[in-house]
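> Take the sequences, apply the hints, and build the full model.
The residues making up each chain are set out below.
Protein chains: 2
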Amino acid sequence: MTANRNEIPYKIYLTEDEMPKQYYNVRADMKEKPAPLLNPATHQPMTAEELEHVFCRELVEQELDNDTAYFDIPQEIRDFYKMYRPSPLVRAYCLEKKLGTPAHIYYKFEGNNTSGSHKLNSAIAQAYYAKKQGLTGVTTETGAGQWGTALSMACAYLGLDLKVFMVKVSYEQKPFRREVMRTYGASVTPSPSETTEVGREILKAHPGTTGSLGCAISEAVEVATSTPGYRYVLGSVLNQVVLHQSIIGLETKAALDKYGVTPDIIIGCAGGGSNLGGLISPFAGEMLRGEKDYRIIAVEPASCPSLTRGKYLYDFCDTGEVCPLAKMYTLGSQFIPSPNHAGGLRFHGMSPIVSELHHQGIIEARAYEQTEVFQAAEDFARCEGILPAPESSHAIKAAMDEALKCKETGEAKNIVFGLTGTGYFDLTAYQQFNDGTMTDYIPTDEELQEGFNAIPQFPGNEI
Amino acid sequence: MTANRNEIPYKIYLTEDEMPKQYYNVRADMKEKPAPLLNPATHQPMTAEELEHVFCRELVEQELDNDTAYFDIPQEIRDFYKMYRPSPLVRAYCLEKKLGTPAHIYYKFEGNNTSGSHKLNSAIAQAYYAKKQGLTGVTTETGAGQWGTALSMACAYLGLDLKVFMVKVSYEQKPFRREVMRTYGASVTPSPSETTEVGREILKAHPGTTGSLGCAISEAVEVATSTPGYRYVLGSVLNQVVLHQSIIGLETKAALDKYGVTPDIIIGCAGGGSNLGGLISPFAGEMLRGEKDYRIIAVEPASCPSLTRGKYLYDFCDTGEVCPLAKMYTLGSQFIPSPNHAGGLRFHGMSPIVSELHHQGIIEARAYEQTEVFQAAEDFARCEGILPAPESSHAIKAAMDEALKCKETGEAKNIVFGLTGTGYFDLTAYQQFNDGTMTDYIPTDEELQEGFNAIPQFPGNEI
Chain P
1 MTANRNEIPY
11 KIYLTEDEMP
21 KQYYNVRADM
31 KEKPAPLLNP
41 ATHQPMTAEE
51 LEHVFCRELV
61 EQELDNDTAY
71 FDIPQEIRDF
81 YKMYRPSPLV
91 RAYCLEKKLG
101 TPAHIYYKFE
111 GNNTSGSHKL
121 NSAIAQAYYA
131 KKQGLTGVTT
141 ETGAGQWGTA
151 LSMACAYLGL
161 DLKVFMVKVS
171 YEQKPFRREV
181 MRTYGASVTP
191 SPSETTEVGR
201 EILKAHPGTT
211 GSLGCAISEA
221 VEVATSTPGY
231 RYVLGSVLNQ
241 VVLHQSIIGL
251 ETKAALDKYG
261 VTPDIIIGCA
271 GGGSNLGGLI
281 SPFAGEMLRG
291 EKDYRIIAVE
301 PASCPSLTRG
311 KYLYDFCDTG
321 EVCPLAKMYT
331 LGSQFIPSPN
341 HAGGLRFHGM
351 SPIVSELHHQ
361 GIIEARAYEQ
371 TEVFQAAEDF
381 ARCEGILPAP
391 ESSHAIKAAM
401 DEALKCKETG
411 EAKNIVFGLT
421 GTGYFDLTAY
431 QQFNDGTMTD
441 YIPTDEELQE
451 GFNAIPQFPG
461 NEI
Chain V
1 MTANRNEIPY
11 KIYLTEDEMP
21 KQYYNVRADM
31 KEKPAPLLNP
41 ATHQPMTAEE
51 LEHVFCRELV
61 EQELDNDTAY
71 FDIPQEIRDF
81 YKMYRPSPLV
91 RAYCLEKKLG
101 TPAHIYYKFE
111 GNNTSGSHKL
121 NSAIAQAYYA
131 KKQGLTGVTT
141 ETGAGQWGTA
151 LSMACAYLGL
161 DLKVFMVKVS
171 YEQKPFRREV
181 MRTYGASVTP
191 SPSETTEVGR
201 EILKAHPGTT
211 GSLGCAISEA
221 VEVATSTPGY
231 RYVLGSVLNQ
241 VVLHQSIIGL
251 ETKAALDKYG
261 VTPDIIIGCA
271 GGGSNLGGLI
281 SPFAGEMLRG
291 EKDYRIIAVE
301 PASCPSLTRG
311 KYLYDFCDTG
321 EVCPLAKMYT
331 LGSQFIPSPN
341 HAGGLRFHGM
351 SPIVSELHHQ
361 GIIEARAYEQ
371 TEVFQAAEDF
381 ARCEGILPAP
391 ESSHAIKAAM
401 DEALKCKETG
411 EAKNIVFGLT
421 GTGYFDLTAY
431 QQFNDGTMTD
441 YIPTDEELQE
451 GFNAIPQFPG
461 NEI
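Residue numbers (the UniProt record's numbering), protein chains in the order written: chain P, 1 to 463; chain V, 1 to 463.
These are calculated hints, taken from the structure and not from any lab test. Do not rely on the hints blindly, as some may be mistaken.
Same chains, same names: a pair is fine if it fits in one copy or spans any two.
[To be verified] Result set (PhoX-like, lysine-lysine): computed pairs, CA atoms no more than 25 Å apart in a straight line:
{"hint": "1", "residue 1": "LYS82", "residue 2": "LYS258"}
{"hint": "2", "residue 1": "LYS131", "residue 2": "LYS98"}
{"hint": "3", "residue 1": "LYS11", "residue 2": "LYS21"}
{"hint": "4", "residue 1": "LYS82", "residue 2": "LYS97"}
{"hint": "5", "residue 1": "LYS82", "residue 2": "LYS413"}
{"hint": "6", "residue 1": "LYS33", "residue 2": "LYS311"}
{"hint": "7", "residue 1": "LYS31", "residue 2": "LYS292"}
{"hint": "8", "residue 1": "LYS82", "residue 2": "LYS21"}
{"hint": "9", "residue 1": "LYS131", "residue 2": "LYS21"}
{"hint": "10", "residue 1": "LYS168", "residue 2": "LYS204"}
{"hint": "11", "residue 1": "LYS98", "residue 2": "LYS132"}
{"hint": "12", "residue 1": "LYS292", "residue 2": "LYS413"}
{"hint": "13", "residue 1": "LYS405", "residue 2": "LYS97"}
{"hint": "14", "residue 1": "LYS97", "residue 2": "LYS131"}
{"hint": "15", "residue 1": "LYS97", "residue 2": "LYS21"}
{"hint": "16", "residue 1": "LYS82", "residue 2": "LYS98"}
{"hint": "17", "residue 1": "LYS258", "residue 2": "LYS11"}
{"hint": "18", "residue 1": "LYS21", "residue 2": "LYS132"}
{"hint": "19", "residue 1": "LYS97", "residue 2": "LYS132"}
{"hint": "20", "residue 1": "LYS11", "residue 2": "LYS82"}
Now the structure itself:
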């Protein structure tokens, strides 16, 4: 179902009045709920009390609530959203023309803010609840730096202190991201550092290490739990994050509804799952309630194929094995993906919500190799103008493939994908692609098996 | 005159139907016209024929036409504009709150496109007319890279070849900008190069040179005039560019009119003058026709003070002295401003249109030093979210100062400024500011006099 082509503008903007006033919790419509987080010592579900040592109170409530369908978005958060939202739902007229497809392609563009991605949607929510609880600051880790940047913007706005542990190799190789965070007033420490016990231990054991996300998480959690008035916040994977990111899907649905467009296919890239989970939440909800049927496609890199080749088991979320266990599609917390420029998709696991929806058949999954993704990114940039982030380009590649299938069949399907961010800080990767020196790598079954072997084994959680 | 505060959204977006369909040529409403370009050899006005060796035909017509008030924007250009325009007119609620000012502050944000600035508005127009003329390619120079990026996007869209000569020091220090251009298919050559006669001469004379804009212009012009089917295009200063950039001002005025807001003060940063000229064109037109009265403020860096301390004389536009003479406020074509991170404001001269409007008292001018501008940028980023370009931050500083004056007087003035772009590729500068190592420099009268001494002297053009 599509409105007249000419009636649909290049960019659909909701008015401020039309912006969502509530987050939507897709768990409320799932008969089989995502599995709860487990205490790694006892293998019992984490209690609110246990979680509140690490996370803010209201965020813990959101994390554990599988039943409430809608959560009001506080006015302060809505005011912040108005600075960079609603994000446009773009009709990709130029891409359609370039492909010669009868398909109608739409993308929800989340890159029009200084953090350059959708991460800001959850950053402001998490910072808000921390501030409301009377905390003085939060800690977090960041790899490529999108999450750290988003959180630094949110904390600057609310007047909250922020300590970021940035993976040392990124701290040195991505000085621009680091400087954005500093400009927004965050303190940025290369990880591992001498400022934490766990950091000192790691440095003693591995003097030359350039760090890892797992290590940075451990340092951030140590500082959060040992500093009065501090808590730790996380940018993906968690249920609360998918809840906040539902604003992407709600706006997308409202914009499509405004023009009477029903999508046939909805596509998102999947790393930790926060963008994909948010984008598809309201559509998956309709499927779960039996009201509608869509094809939902998660796209991941072939070098880190958690959904397409992983195991659906309880596993650690971090390499350091300090966090609770989550049931998810995982490659094992010790799996180190080969270098891939889509840093945001290099997580070994997947959001429990997205994992369970995939397990139930609501979400299908596919994987692409790096160079074909960059070719799609370049084609897209040259006709649609926007230089996409490598992560987002996985969704672009899938959307283009589906549109080309429509060209063969003559079907005028409506394809919607999430363009999560811009690639302004990923130009080292584009340079490799431009120079023809980019390579692909697909892990062998043996390499994956090695990763699976590190998954904790306990009754009901055998490989 | 202001509508109820609560009626005005954070961001005013025009609909596609409301977007301007014509450019406005402010020269048509000027009784005293900007002085014509002169042939540097004869000191006679450049003819269309002379200019057409270098520039595209229709652009030459636009360049020379002082009488036609409106030029239709071709449908193809309007379609391209729809990909990233209308740009939002943002009500700076958060900045107002932070300053505690009764003033209402608005900014027209031109940074939401991959080139990161307003340059794209003229790039697509110039590429379109080149394509329409049946040319196969264009050449240009770029310093910091915003113009080159914008032009590469426009040429990729239209299927036009592009050869960019990039100042060698920028080519090496700003590899990211270079890679964006390459991703859009442009060939990028560090200047001076061995590929042109003028480049080889310069390299022979100055073997270790890191290049200059003047040299890059000379190389680009040589290639354009010696390659069949090629012309040269320029991103600022020229009348045609101010004409294209009038879309900024027309959209701004339409958005303000929609909410019944009349600005009291309009502020823009001024380098070559294209953004400022475009932003203020429709407002200056009302002043010239005696319909309205506004305060219009041009803001420049104290290190390159063409409007506030320059001479209003005919001068070369380029250091290489190959281009026509333009009458403008100038510091002399040999003036080398001290290092200043607002690369886009380091031009020794000023658009003839802006110069003449300043001469007539329509535009006032002021200059700020670098560190106070970056302080304003940081303050702005922390409350409004957007990380501004150093150039744009000059306008931010002036808007904040005017808003603080309103705080003293209690006046609820409407202040509008142009936020020309984002600072994602300027983080080396932000790092200097964050580290406290940024310095200011104001040229002495003696240094300025040295620059003035190189201005060509002929009857009627004496210092």
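> Next, verify each hint and record whether it holds.
Here's how the hints hold up against the structure:
no.: 1; hint: LYS82 / LYS258; result: both (20 Å within a copy, 19 Å between copies)
no.: 2; hint: LYS131 / LYS98; result: between (48 Å within a copy, 18 Å between copies)
no.: 3; hint: LYS11 / LYS21; result: both (22 Å within a copy, 18 Å between copies)
no.: 4; hint: LYS82 / LYS97; result: between (33 Å within a copy, 15 Å between copies)
no.: 5; hint: LYS82 / LYS413; result: between (32 Å within a copy, 23 Å between copies)
no.: 6; hint: LYS33 / LYS311; result: within (18 Å within a copy, 74 Å between copies)
no.: 7; hint: LYS31 / LYS292; result: within (16 Å within a copy, 65 Å between copies)
no.: 8; hint: LYS82 / LYS21; result: within (12 Å within a copy, 28 Å between copies)
no.: 9; hint: LYS131 / LYS21; result: within (20 Å within a copy, 47 Å between copies)
no.: 10; hint: LYS168 / LYS204; result: within (15 Å within a copy, 44 Å between copies)
no.: 11; hint: LYS98 / LYS132; result: between (49 Å within a copy, 20 Å between copies)
no.: 12; hint: LYS292 / LYS413; result: within (16 Å within a copy, 52 Å between copies)
no.: 13; hint: LYS405 / LYS97; result: within (15 Å within a copy, 52 Å between copies)
no.: 14; hint: LYS97 / LYS131; result: between (48 Å within a copy, 19 Å between copies)
no.: 15; hint: LYS97 / LYS21; result: between (36 Å within a copy, 23 Å between copies)
no.: 16; hint: LYS82 / LYS98; result: between (34 Å within a copy, 17 Å between copies)
no.: 17; hint: LYS258 / LYS11; result: both (12 Å within a copy, 20 Å between copies)
no.: 18; hint: LYS21 / LYS132; result: within (19 Å within a copy, 48 Å between copies)
no.: 19; hint: LYS97 / LYS132; result: between (49 Å within a copy, 20 Å between copies)
no.: 20; hint: LYS11 / LYS82; result: both (17 Å within a copy, 8 Å between copies)
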